[in-house]
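Engineer: Given next are the chains, with one letter for each unit.
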Amino acid sequence: MNKAPTSELPPVAMSLYEGIRDLPIVSPHGHCDPVWWAKDARFSDPAALLIQPDHYVFRMLYSQGVPLGDLGIGPEGRDRDPRAVFRLFARHWDLFLGTPSRQWLEHTLYHTLGVEAPLAPETADAVYDQIEAKLASPVFRPRALFDRFGISLLATTDPATSPLSDHTKIAASGLSGRVVPTFRPDDLLNPQKAGHRAALSSLATMTDRDTDNYDEFIAALRDRRAAFRSAGATATDHDVPDLQTCWLDRDQITALHARAVAGTLNHVEARAYYGHMLVEMAQMSAEDGLVMQIHAGSRRNTNKALSDAVGPDMGADIPGALDWVGGLGALLNRVGNDPRLRVLVFTLDESTYARELAPMAGHWPCLRIGPPWWFHDSLNGIRRYFDNVVETAGYYNLAGFNDDTRAFLSIPARHNMWRRGVALHLADQIARGVLNKSEAARLGDWLAHDAAIDAYRIEGA
Amino acid sequence: MNKAPTSELPPVAMSLYEGIRDLPIVSPHGHCDPVWWAKDARFSDPAALLIQPDHYVFRMLYSQGVPLGDLGIGPEGRDRDPRAVFRLFARHWDLFLGTPSRQWLEHTLYHTLGVEAPLAPETADAVYDQIEAKLASPVFRPRALFDRFGISLLATTDPATSPLSDHTKIAASGLSGRVVPTFRPDDLLNPQKAGHRAALSSLATMTDRDTDNYDEFIAALRDRRAAFRSAGATATDHDVPDLQTCWLDRDQITALHARAVAGTLNHVEARAYYGHMLVEMAQMSAEDGLVMQIHAGSRRNTNKALSDAVGPDMGADIPGALDWVGGLGALLNRVGNDPRLRVLVFTLDESTYARELAPMAGHWPCLRIGPPWWFHDSLNGIRRYFDNVVETAGYYNLAGFNDDTRAFLSIPARHNMWRRGVALHLADQIARGVLNKSEAARLGDWLAHDAAIDAYRIEGA
Amino acid sequence: MNKAPTSELPPVAMSLYEGIRDLPIVSPHGHCDPVWWAKDARFSDPAALLIQPDHYVFRMLYSQGVPLGDLGIGPEGRDRDPRAVFRLFARHWDLFLGTPSRQWLEHTLYHTLGVEAPLAPETADAVYDQIEAKLASPVFRPRALFDRFGISLLATTDPATSPLSDHTKIAASGLSGRVVPTFRPDDLLNPQKAGHRAALSSLATMTDRDTDNYDEFIAALRDRRAAFRSAGATATDHDVPDLQTCWLDRDQITALHARAVAGTLNHVEARAYYGHMLVEMAQMSAEDGLVMQIHAGSRRNTNKALSDAVGPDMGADIPGALDWVGGLGALLNRVGNDPRLRVLVFTLDESTYARELAPMAGHWPCLRIGPPWWFHDSLNGIRRYFDNVVETAGYYNLAGFNDDTRAFLSIPARHNMWRRGVALHLADQIARGVLNKSEAARLGDWLAHDAAIDAYRIEGA
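For the protein sequence lines, the chains are A, B and C, in the order given.
Sequential numbering of the first sequence, starting at 1, is according to my numbering.
Sequential numbering of the second sequence, starting at 1, is according to my numbering.
Sequential numbering of the third sequence, starting at 1, is according to my numbering.
If several chains are the same, the list does not tell them apart, and a pair holds so long as it fits within one copy or across any two.
Below 35 Å or equal to it, Euclidean Cα-Cα: the simulated DSBU-like pairs (lysine-lysine) are:
hint, residue 1, residue 2
1, K134, K437
2, K304, K193
3, K193, K169
4, K134, K169
5, K134, K39
No lab work stands behind these hints: they were computed from the structure.
Using the sequences provided together with the hints, build the complete structure.
Structural biologist: Shown next as structure tokens:
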């Protein structure tokens with residue numbers, strides 16, 4: 001029987017886990033597509049649901065020699081039969097032993113899809129058929145699953161120029177919980193993004209402003225932030241590959257903006273421009289209250305042959321070392337003491353947890369540390385996170401959990417893993433005399449549920 | 001009941017802990033004010049005792065939006081009622097869950113101040129009154145507490161130009177243990193310190209030497225080291241923000257010294273000058289036997305608005321990445337093989353424990369690794385320290401514990417946490433078959449007591 | 001009784017350990033001297049066997065003030081009595097508490113040499129005599145021990161210009177297992193190695209090619225690789241102090257080669273040259289199937305006085321921080337997607353495990369992560385390795401274990417420690433519900449035995 005391994009925890013941890021396992025899910029950051037709940041169409045097939053959109057899954061298969069085309073990904077995979085993709089995946093299921101992907105998928109198969117047989121090459125077809133049958137049922141439509149998962153709030157991540165029409169439809173749909181957008185302006189602010197100039201044009205059209213003019217550009221950004229707030233957004237999100245912020249004087253930034261518009265910035269200028277724009281965003285956040293999320297340190301698309309042949313985001317984003325103090329210095333020294341500002345920081349360089357992020361979050365009023373991100377959203381990643389940040393930042397400078405996923409079905413599994421990780425951590429604290437049981441139970445509730453609501457300034461949840 | 005959580009440890013760890021819990025305290029590095037024992041005046045009020053001087057405490061409160069003025073700190077806090085400060089602190093007591101500060105304070109409240117009620121907003125006044133009553137009693141005067149804490153030796157940290165008159169008074173006072181100074185010449189050696197030129201003047205006056213002349217300056221430093229040794233000092237201490245050492249030829253250093261005196265060094269020159277002076281210090285340590293302590297890697301006062309408004313040391317010192325091999329290369333290659341030299345190194349970049357410090361201490365005769373420092377003086381910090389350094393450096397290249405505190409009342413609590421951490425570590429070694437019980441017990445004594453005496457060359461303790 | 005501490009493990013770990021403890025030993029990377037099995041001469045004395053060649057041992061003694069000459073090492077130690085060396089070592093045996101060296105030596109003394117008395121100053125002579133007596137016996141000759149240790153394959157590491165005559169003799173000797181060479185071309189490829197030009201001459205003579213000509217040089221390298229393959233080699237090995245690769249165009253590399261031959265490259269050029277040659281090696285590996293091992297990040301001979309007086313490799317090699325993404329970028333982007341290529345990477349900077357190596361190995365088809373190396377070949381090193389890499393790279397992107405030792409007698413002890421570390425890790429996975437018992441048992445076999453065979457493309461083992 002495919003019993004999800006989550007049933008096994010040491011006794012004290014198990015008892016803490018049982019106290020938080022069934023709390024509602026708050027998902028304040030992720031990459032689900034709002035069209036799912038706007039249209040409520042059925043999910044297509046098991047491969048399209050579980051394998052092809054999951055970079056954790058296909059990167060592991062690729063690392064062991066499976067061509068992406070064989071998985072139905074990229075130009076070579078265009079007409080690939082989903083059942084063949086699923087069989088191929090099942091044949092390599094052992095590769096995932098010990099990975100969060102395996103734990104998420106086992107949880108999803110067992111708890112959400114009701115698959116009891118362990119996945120294996122010989123069960124691949126039967127499992128495929130079982131999933132297919134479920135997907136055809138109305139109770140597996142996106143809205144029904146949303147309810148069943150017990151999600152009280154879910155935030156999507158949306159380009160700053162999104163019309164947010166799906167969110168409008170969802171709001172009118174009577175969905176049990178809320179789906180809100182998140183303001184993501186990377187394309188508009190970072191001249192090194194491929195779509196930068198196209199995004200500027202869209203913004204101009206959408207706001208009816210001359211975005212070639214710096215003041216008008218800033219005003220247009222304010223317009224869009226207001227639109228997002230009206231649609232329920234409480235946060236912005238920023239992908240920051242090279243962590244650098246700076247504050248330029250008016251002449252400098254208007255000159256750089258003109259060249260950004262013209263597409264003539266060199267690498268150093270483009271970084272300075274983006275570094276300044278992040279400070280502008282922080283200032284706007286202090287004004288309008290949107291929580292600012294900074295995700296830093298991923299080196300994107302490091303496999304050039306693959307990104308040329310198949311496209312970006314093919315599993316070759318690899319983290320690098322970060323300097324948070326130097327990188328955020330200009331931003332923090334400009335607005336970091338403003339009590340209205342909140343900045344959530346996410347790192348892929350765990351050596352900065354105890355060295356930089358915890359000391360910073362334990363000082364700056366604006367800062368909270370986001371949960372373990374990406375490769376570190378795992379039981380050990382969670383263990384290292386708590387072990388490294390709590391002693392200096394405490395629990396109340398943490399931002400709770402978010403799943404950051406585009407794999408909707410994995411949401412309960414991911415929150416479940418976080419809750420198990422929380423329980424294991426708190427049990428360790430009890431065993432060493434750091435917390436007593438009632439303190440641990442209180443912190444369990446905070447970490448599993450309340451912290452995210454508080455960190456993201458979610459009202460009415 | 002406010003039972004200090006230190007009572008909870010797994011059985012093997014508990015048994016090891018009980019074997020070392022009550023050993024005398026050796027405190028070879030810290031920042032207590034010697035005037036306390038010279039004058040033996042009563043401590044003023046609970047806020048001034050426990051909150052206002054403790055940067056761990058006020059930085060956490062500041063991080064959650066409490067203005068420093070409300071805590072009676074800085075110009076805005078001048079006339080703040082200490083009881084109001086204590087109430088504010090009690091209201092935010094939950095922020096400290098999981099932090100060493102909470103564990104130290106719980107231990108102090110329970111074991112030293114006899115407070116059994118858990119601290120909470122509703123008990124704040126009663127706890128305040130209880131502490132007040134204790135502080136008024138003669139048995140809570142500094143000398144009585146020193147005896148009661150079982151301190152056999154305590155080292156203060158003193159500017160190189162200190163007249164050491166408090167230490168003279170203490171030596172004549174009949175205190176049960178010893179209080180000795182530590183030679184701290186940062187102000188004289190690092191041209192980037194604010195008080196550099198004033199310190200040079202003091203040195204000139206005090207030693208009656210022309211410190212504008214490099215040879216006389218060096219001789220004056222030797223004079224002061226000798227005075228510290230006469231007052232019982234066995235060590236020097238050096239704050240090294242940017243880890244860099246170098247050995248300049250005579251023409252270079254005399255030219256730089258002239259410009260240091262004139263205050264005209266640029267940043268690069270100032271670093272080279274300080275780097276050279278650290279090597280001079282190491283050479284003097286080889287000659288006179290003073291143990292050289294190097295505390296490296298803290299970026300000071302990174303919140304400029306706060307340091308401008310309130311002053312330095314307001315909780316915004318944040319660590320950065322270090323390169324110990326490159327940074328100490330010149331020093332070690334000049335004197336590192338000299339059997340007379342001892343250098344104790346302290347890091348805030350834990351990624352250097354296993355990568356650099358343990359391999360270095362397991363090779364260079366002069367090096368020992370100081371205990372987890374500052375943010376890392378915590379149960380997890382201690383765990384990471386042992387886990388990362390012992391296998392390569394062994395136990396006998398470690399420097400034991402020191403509390404590094406300016407919070408006198410926390411000294412027993414801090415040594416207690418170290419001893420719990422030692423016991424937990426040794427129990428883990430037993431569980432994995434690395435040590436047997438008698439080896440563990442022997443190492444427990446070494447780590448809890450003997451190592452510090454040996455590392456700091458303390459005689460007669 | 002000197003009971004090796006390996007007998008102590010928690011129950012679940014013990015049960016897993018017992019399942020893998022007695023598997024045959026596969027040792028695909030190390031530095032044993034093939035002449036031992038070619039000649040099968042007896043080992044000389046206990047000091048020459050256990051102390052003098054073991055840099056882990058003498059560096060620790062040196063760190064506590066024992067001159068290398070007193071250990072019979074270097075010019076000052078030329079006529080040192082081995083018994084005196086052994087006594088000195090026994091007097092300092094406590095220094096090794098908690099180190100892998102102690103665990104390896106205890107295992108060797110007890111299991112291989114039958115010494116039951118604990119080593120101590122007072123037992124030194126008796127232990128010395130016992131070992132002496134064993135070494136005189138035919139069953140302690142190198143071939144007999146090889147059989148007794150249950151080694152199925154052992155790879156030595158050999159200069160590219162080695163005639164491999166010892167391997168020829170061993171192949172004809174009827175040894176129960178195989179001894180194969182590993183192609184190590186550092187001297188030929190890295191112009192910063194002392195022996196670079198002499199190695200080029202040897203290569204020219206040996207292959208009868210004009211190695212001053214770049215194409216002929218490349219052809220000569222191919223010749224030697226073919227010779228190694230004929231002698232059973234399945235791998236190459238590369239020491240890479242500064243991790244940098246690059247691909248130069250033909251004009252650039254031929255120009256640099258001419259200057260490399262002339263010995264006129266500056267530091268930057270020498271690094272570029274070596275960086276290019278590593279890519280050439282990767283391309284040849286894709287062609288001929290030799291597994292490419294990259295050992296990166298050791299700063300060599302950082303104690304200049306010692307290397308001047310005694311020689312290189314005296315325990316002063318200290319790791320530094322690494323950037324694997326930047327460093328391997330050119331190599332991977334040129335050949336990293338080639339399904340024929342396999343590259344095993346070894347790091348001394350553990351902060352790169354989770355940040356870089358695991359994400360890279362979980363993506364690039366060519367990459368597998370080598371086991372914890374050097375200072376990290378220890379119980380905690382193994383724990384950190386698994387905890388940091390498995391979740392992102394899985395188990396099947398790991399290269400199993402290799403002992404990397406020149407201390408033949410320690411081989412069973414080192415594999416034993418790995419197997420204990422594997423058992424402890426897998427037990428932790430079971431306790432947290434990540435693996436069930438049958439998965440753990442399967443992975444135990446893989447990690448203890450099969451993975452090395454698979455990673456190194458060993459056939460018929």
